[in-house]
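Colleague: Residue numbers (my numbering), protein chains in the order written: chain A, 661 to 987; chain B, 661 to 987.
Fair warning: there could be bad hints in the mix.
Which copy? The list can't say, so a pair holds if one copy fits it or any two copies do.
[Said to hold, decoys possible] Derived EDC-like pairs (lysine to aspartate or glutamate); straight-line CA-CA distance at most 16 Å: (1) K753 to E738; (2) K933 to D974; (3) K937 to D974; (4) K800 to E981; (5) K749 to D696; (6) K867 to E794; (7) K753 to D859; (8) K767 to E940; (9) K753 to D818; (10) K863 to E970; (11) K753 to D712; (12) K766 to D820; (13) K700 to E826; (14) K939 to D675; (15) K749 to E797.
Hint data in this document are derived by calculation from the structure and do not stem from the laboratory.
Protein chains: 2
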Amino acid sequence: MSRSRQGSIVSYRPDIKVLDCTLRDGGLVNNFYFTDEFVKDLYLTNLKAGIDYMEFGYKASQEIFDPNKFGKWKFCREQDIRSIVGDNKTDMKISVMADVGRTDYKKDIPNRKDSVVDMIRVATYINTIPAAIEMLEDAKNKGYETTVNIMAVSKVNDQDLESGLELLAQSSADIIYVVDSFGAFYPEQMERLCYKYLDIAAKYNKKLGIHAHNNQQLAFANTIEALSLGVSYLDATVSGMGRGAGNCYMELLLGFLRNPRYNKVAVMNFVEKHIRKLKEEGAVWGYDIPYLLTGILNTHPSSAIRFIQENRTDYAMFYQELIDNAL
Amino acid sequence: MSRSRQGSIVSYRPDIKVLDCTLRDGGLVNNFYFTDEFVKDLYLTNLKAGIDYMEFGYKASQEIFDPNKFGKWKFCREQDIRSIVGDNKTDMKISVMADVGRTDYKKDIPNRKDSVVDMIRVATYINTIPAAIEMLEDAKNKGYETTVNIMAVSKVNDQDLESGLELLAQSSADIIYVVDSFGAFYPEQMERLCYKYLDIAAKYNKKLGIHAHNNQQLAFANTIEALSLGVSYLDATVSGMGRGAGNCYMELLLGFLRNPRYNKVAVMNFVEKHIRKLKEEGAVWGYDIPYLLTGILNTHPSSAIRFIQENRTDYAMFYQELIDNAL
Numbered sequence: 661m662s663r664s665r666q667g668s669i670v671s672y673r674p675d676i677k678v679l680d681c682t683l684r685d686g687g688l689v690n691n692f693y694f695t696d697e698f699v700k701d702l703y704l705t706n707l708k709a710g711i712d713y714m715e716f717g718y719k720a721s722q723e724i725f726d727p728n729k730f731g732k733w734k735f736c737r738e739q740d741i742r743s744i745v746g747d748n749k750t751d752m753k754i755s756v757m758a759d760v761g762r763t764d765y766k767k768d769i770p771n772r773k774d775s776v777v778d779m780i781r782v783a784t785y786i787n788t789i790p791a792a793i794e795m796l797e798d799a800k801n802k803g804y805e806t807t808v809n810i811m812a813v814s815k816v817n818d819q820d821l822e823s824g825l826e827l828l829a830q831s832s833a834d835i836i837y838v839v840d841s842f843g844a845f846y847p848e849q850m851e852r853l854c855y856k857y858l859d860i861a862a863k864y865n866k867k868l869g870i871h872a873h874n875n876q877q878l879a880f881a882n883t884i885e886a887l888s889l890g891v892s893y894l895d896a897t898v899s900g901m902g903r904g905a906g907n908c909y910m911e912l913l914l915g916f917l918r919n920p921r922y923n924k925v926a927v928m929n930f931v932e933k934h935i936r937k938l939k940e941e942g943a944v945w946g947y948d949i950p951y952l953l954t955g956i957l958n959t960h961p962s963s964a965i966r967f968i969q970e971n972r973t974d975y976a977m978f979y980q981e982l983i984d985n986a987l
Numbered sequence: 661m662s663r664s665r666q667g668s669i670v671s672y673r674p675d676i677k678v679l680d681c682t683l684r685d686g687g688l689v690n691n692f693y694f695t696d697e698f699v700k701d702l703y704l705t706n707l708k709a710g711i712d713y714m715e716f717g718y719k720a721s722q723e724i725f726d727p728n729k730f731g732k733w734k735f736c737r738e739q740d741i742r743s744i745v746g747d748n749k750t751d752m753k754i755s756v757m758a759d760v761g762r763t764d765y766k767k768d769i770p771n772r773k774d775s776v777v778d779m780i781r782v783a784t785y786i787n788t789i790p791a792a793i794e795m796l797e798d799a800k801n802k803g804y805e806t807t808v809n810i811m812a813v814s815k816v817n818d819q820d821l822e823s824g825l826e827l828l829a830q831s832s833a834d835i836i837y838v839v840d841s842f843g844a845f846y847p848e849q850m851e852r853l854c855y856k857y858l859d860i861a862a863k864y865n866k867k868l869g870i871h872a873h874n875n876q877q878l879a880f881a882n883t884i885e886a887l888s889l890g891v892s893y894l895d896a897t898v899s900g901m902g903r904g905a906g907n908c909y910m911e912l913l914l915g916f917l918r919n920p921r922y923n924k925v926a927v928m929n930f931v932e933k934h935i936r937k938l939k940e941e942g943a944v945w946g947y948d949i950p951y952l953l954t955g956i957l958n959t960h961p962s963s964a965i966r967f968i969q970e971n972r973t974d975y976a977m978f979y980q981e982l983i984d985n986a987l
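Extracted from the complex, chain A is given alone in its bound form (with noise of 0.2 Å):
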């Protein structure tokens, strides 16, 4: 793998996929109650906007998840997905995502050719690894697409992180994403991370993709840096709408490609439709800096969430309980 910037910026590169996972990471705002008029648009809004791949939710177990206390896009069911799409005769893809340990991926995820989804997301911790690739091997079979996310690998050393690339570039995965779950990375550690990456992708032949996070409003740069090494799977939500500080802005991330496909306005009108009202309704994320500060220390963002939800605003003394919890 060469270590130099891929394509230039006039032109565009074939290889790139842009998927928008703004039910998945966004349901993570509003315990995924969307209304079936957001989604549908959504999904008009993703097929005019020439997105590659539209991510409806989880695969989360109900065993585990208590249907009543989550909107559908948990759970993601064949019909719910199919009264939004019904065949989906385009050629737009859609994914879901399973967590290792949380999902019933068995019984629940039957095979492709009696679904509507294309793909399935397996987002582990650098300790289920095995796990997970049991359940890329189970997607495998069943005929789907696959991709993993190793995620908060800024909190795993490099030794075990290069053991669990291997594990996984050995695997069915078809895509492994690089994923800064805490928004910690700055683009100089995310070129590092890539090449990583992308070493064992060429060995194995794999493809890469980018999911990052918006704590220190690096999500958008880490994305076209991470792309411009290589990497062609993209993350993206509607506006940043994601846990927390949020995810790379798809209007941003469209006015950076050049790709013809990629119609950027179809996503404005969209936010000028939905994203607003769901602000005025009360949905909270985006850049803070309670996010900045669990960025900066590489942990969880759950604490700046209570912290914003209980309306305090002495970052002095976070900060403090913060750096007493997390180092």
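Please arrange chain B on chain A, whose structure you already have, making use of the hints.
Modeller: The following block gives chain B in isolation, referenced to the frame of chain A:
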């Protein structure tokens, strides 16, 4: 000039200097009507935070701009600065900015020995560089440190830019600023631009600075990109306060820098006390779709500021208007 990253993320470079331009760029949001309490608290905050330079505002001509229509920091009279800082017996230096053609610098800028101001920052367009050089020589002769910003370089062709930089490099300017006036540059482009400035800076023994805008949520990313390449004077504002999409957030920048002289908590305390209040009272700045669009189209944010002031949300129509007018 070697083309590689300078320093590492774990250590720090002692040549780095941080300049707070909240009053100056932020003054463009509220016509410089800051309360004395705000300005005094910001001064004390910057002292605690280890900021190297604090910019109080502009040295604008009172012949051109009616002092009854702007707060006092548009003019930065000596007695107004002294009412905040006394004789400024601290190690934080004070700067003011003067725009070519909008200042009576010969009359309004006293000798440095009669002033608490340490540095005069000259802002110019490519076509007024000879006038900027006259101002720089005047300031240098009066005893000041000097910087020069060439604004709107994203609209200047390479040959003109190189000619302009050569002229400035032969002037008395101590520091030449790389400025992304329209928030149009991606980090890859910022890298190329910085190398152009770095080559000339090395040849003439000048230092470089960076002043970024947040139209594409890249002000912080571009600032640390420039710094990692060897740029050493870093502009930022509290919570990114500045015209349109605003600037690099001081909180993010101090979170990144490893020099123990910098204290981000002091800035967070200022945000808690003053910035939320300022926003609640109606001051508007920060990333939004209209600024993304002017950034992408490499044009001045004035039309986007108007769009937002008029409470418009028809982004698609605005984009068409921009294309009609800007290209």
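Colleague: None of the hints should be skipped; say for each whether it holds.
Modeller: Here is how each hint holds up against the structure:
| no. | hint | result |
| --- | --- | --- |
| 1 | K753 to E738 | within (15 Å within a copy, 64 Å between copies) |
| 2 | K933 to D974 | between (34 Å within a copy, 10 Å between copies) |
| 3 | K937 to D974 | between (28 Å within a copy, 14 Å between copies) |
| 4 | K800 to E981 | neither (44 Å within a copy, 48 Å between copies) |
| 5 | K749 to D696 | neither (19 Å within a copy, 63 Å between copies) |
| 6 | K867 to E794 | neither (20 Å within a copy, 56 Å between copies) |
| 7 | K753 to D859 | neither (28 Å within a copy, 48 Å between copies) |
| 8 | K767 to E940 | neither (39 Å within a copy, 51 Å between copies) |
| 9 | K753 to D818 | neither (34 Å within a copy, 43 Å between copies) |
| 10 | K863 to E970 | neither (48 Å within a copy, 55 Å between copies) |
| 11 | K753 to D712 | within (6 Å within a copy, 52 Å between copies) |
| 12 | K766 to D820 | neither (28 Å within a copy, 65 Å between copies) |
| 13 | K700 to E826 | neither (39 Å within a copy, 57 Å between copies) |
| 14 | K939 to D675 | neither (34 Å within a copy, 43 Å between copies) |
| 15 | K749 to E797 | neither (27 Å within a copy, 69 Å between copies) |
Going through the hint list in order, the structure does not satisfy hints 4, 5, 6, 7, 8, 9, 10, 12, 13, 14, 15.
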